[in-house]
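*Asks:* Each chain is listed here by its residues.
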Amino acid sequence: MNINLTLFAQGITFFAFIWFTVKFVWPPILAAIEERRTTIANGLAAADKGARSLEDAQVKITAILEDARGQARSILAQAQTRANGLVDEARTGATQERERILQSAQAEIDQQINRARDELRGQVAAITVAGAEKILAREIDPRAHQDLLDKLAAQI
Amino acid sequence: MAAEEVLTPTSYISHHLKFLAEPIVSGSAGMGGFWTIHVDSLVMSVLLGFVGIGLIWLVGRTATAGVPNKRQAFVELLFDFVDEQVRGIFHGDPNKFVAPAALTVFLWVLLMNATAFLPIDLTTKAIHAVGPEKFRLTPTADINTTFALALSVWLLMIYFSIKVKGLGGWIHELFCTPFGSNPLLWLFNFLFNLVELVSKPLSHALRLFGNLYAGEIIFLLLWLWAATGLVGTVGGAVLGLGWAIFHLLIVPLQAYIFMMLTIVYISMAHESH
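Here the protein sequences come in this chain order: A and B.
When you read off a place in the first sequence, starting at 1, and then add 19, the result is the number in the numbering used here.
When you read off a place in the second sequence, starting at 1, and then add 1308, the result is the number in the numbering used here.
Quick caveat, the hints were computed from the structure, so don't treat them as lab data.
Bear in mind the structure is a predicted one, so any value in this text is a computation, not a measurement.
Watch out, some of these pointers could steer you wrong.
Stated by the list, open to error - In silico SDA-like cross-links for lysine to any residue, where the CA-CA straight-line distance does not exceed 20 Å:
(1) B:Lys1433 <-> B:Leu1529
(2) B:Lys1473 <-> B:Cys1484
(3) A:Lys42 <-> B:Leu1529
(4) B:Lys1508 <-> A:Gly30
What the hints assert, rightly or not - Beta-carbon label-pair distances, calculated as ranges:
(5) B:Phe1382 <-> A:Glu53: 16 to 22 Å
(6) A:Phe34 <-> B:Leu1538: 24 to 30 Å
(7) B:Gly1341 <-> A:Phe43: 21 to 27 Å
(8) B:Val1472 <-> A:Glu53: 45 to 51 Å
(9) B:Met1576 <-> A:Asn61: 35 to 41 Å
(10) B:Ile1435 <-> A:Phe43: 30 to 36 Å
(11) A:Ala50 <-> B:Leu1538: 55 to 61 Å
(12) A:Phe43 <-> B:Leu1495: 15 to 21 Å
(13) A:Asn61 <-> B:Ala1381: 46 to 52 Å
(14) B:Ser1511 <-> A:Phe43: 49 to 55 Å
(15) A:Phe34 <-> B:Leu1495: 31 to 37 Å
Stated by the list, open to error - Chain A stretches covered by chain B per the calculated footprint, using a threshold of three residues with CB under 8 Å from any CB of chain B:
(16) 21 to 33
(17) 36 to 44
(18) 54 to 61
In this text, a Cβ means the ideal position worked out from N, Cα and C, and glycines have one as well.
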């Protein structure tokens, strides 16, 4: 077990190997591992961000849905009001129309009645004159008794 | 194994514990002295370093930040494991030096330790067929290797101490901690720190060496028993399996401990008391 030159040879070899590892072996592996770590960290951060934006979107969606629901509700209410208004309007219109038609019909009827009455009155006057002629058996001058006849006609 | 030798237990074990030693300078200082190099330890450790670090280098070159393939996923598991250990201890930017150094230590020591699983007689026989008669497979069972690693870490520790605290700061710390800056305590502080400085590389190196060397010897003893006959072969095989399974725990554990101590020592150098 003697110490000899091998000691120095091995020492030099050892330093050479250390130098080689420090210089050429360690850095590329370290670089690859560090790069992968960065990639993974970025991926995790991106996933986190994605999850957060999903949450945000969820909140936004809920808000939009709520809004839309509210709008739909108000539109429905408006439509209901509108329809009710329309129906009311139509009803009022129809009632008015009916009144108008009834009134005009009534007016016409009245008119007809008056006309018929006037006609009848004339005829009654003529019949009366004819009757009186027959009773008196003589000519009556209608002109002489016009005022009488008119009074009669007005009485009928 | 040399056929002409008479095979005794001693010769078997000592044969397997001999390094492929090459003298660098000839003469009396050469063989067995300091100017010798253990070619087997050096070849195995460089080879394993190239295999281990080269493989993750290849994977790292084509590393993608997207979905990793299985090879890359495995390398990343290793990477994360080391990174996690470092981050638990070292409070600075670990990517600049500490973490890659820890990965180097862990991977390299793990592979060097794992050579203990190679069937020693078969492999040495195969290597013997190509040339060298002695060849030890496990570089971490060579005290030169473990001390080389531990002392390198020790030098790094001192380097970072001086780099972070400045030379003055480091020397101040040597004399004024842990007991206080009273001049009367300087000597005690320094002695205390000296013990720490010496014990750190010693325990660092000897722990790894002891575990692997002991493991190797126990394997050799079991294979010795296996050479004694049928009972020995079966018993040796069963116990060899048991020891190998236990070794499956020791090998990564020692690599892990060596790495952790490396991280701790270098981290401590970064921190002021």
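*Asks:* Please go over all the hints and tell whether each is borne out by the structure.
*Replies:* Comparing the hints with the structure gives:
1. In summary, the hint linking lysine 1433 of chain B to leucine 1529 of chain B is supported, as the alpha carbons are separated by about 18 Å, within the 20 Å threshold.
2. Note on lysine 1473 of chain B and cysteine 1484 of chain B: the hinted pairing holds, with a Cα-Cα distance of about 14 Å set against a maximum of 20 Å.
3. The straight-line distance between the Cα atoms of lysine 42 of chain A and leucine 1529 of chain B is roughly 43 Å, outside the 20 Å bound, and the hint therefore fails.
4. Of the pairs offered as hints, the one joining lysine 1508 of chain B and glycine 30 of chain A holds, with about 17 Å between alpha carbons and a cut-off of 20 Å not exceeded.
5. A C-beta distance of roughly 19 Å is found between phenylalanine 1382 of chain B and glutamate 53 of chain A, which places it inside the suggested range of 16 to 22 Å.
6. Checking the proposed 24 to 30 Å range against phenylalanine 34 of chain A and leucine 1538 of chain B shows it is violated: the Cβ atoms sit about 51 Å from each other.
7. Taking the beta carbon of each, glycine 1341 of chain B and phenylalanine 43 of chain A are about 37 Å apart, not inside 21 to 27 Å as hinted.
8. The given range of 45 to 51 Å is broken by valine 1472 of chain B and glutamate 53 of chain A, whose C-beta atoms sit roughly 25 Å from each other.
9. Taking 35 to 41 Å as the suggested C-beta distance range, the pair methionine 1576 of chain B and asparagine 61 of chain A conforms, at roughly 38 Å.
10. In this structure, isoleucine 1435 of chain B and phenylalanine 43 of chain A meet the distance hint of 30 to 36 Å, their C-beta atoms being roughly 31 Å apart.
11. A C-beta distance of roughly 59 Å is found between alanine 50 of chain A and leucine 1538 of chain B, which places it inside the suggested range of 55 to 61 Å.
12. The beta-carbon spacing between phenylalanine 43 of chain A and leucine 1495 of chain B, approximately 47 Å, falls outside the hinted interval of 15 to 21 Å.
13. For the hinted restraint 46 to 52 Å between asparagine 61 of chain A and alanine 1381 of chain B, the CB-CB distance of approximately 21 Å leaves it violated.
14. A beta carbon spacing of about 32 Å between serine 1511 of chain B and phenylalanine 43 of chain A contradicts the range 49 to 55 Å that was offered as a hint.
15. For phenylalanine 34 of chain A paired with leucine 1495 of chain B, a C-beta distance near 34 Å keeps the hint of 31 to 37 Å intact.
16. For the region 21 to 33 of chain A, the stated coverage by chain B is satisfied: 12 residues place a CB nearer than 8 Å to a CB of that chain, which reaches the threshold of 3.
17. Coverage of the region 36 to 44 of chain A by chain B holds in this model, with 7 residues showing a Cβ closer than 8 Å to a Cβ of that chain against a need of three.
18. Counting residues of the region 54 to 61 of chain A whose CB lies closer than 8 Å to any CB of chain B gives 3, which reaches the minimum of 3, so the coverage claim holds.
Checked against the numbered hints given earlier, this structure breaks hints 3, 6, 7, 8, 12, 13, 14; the rest are met.
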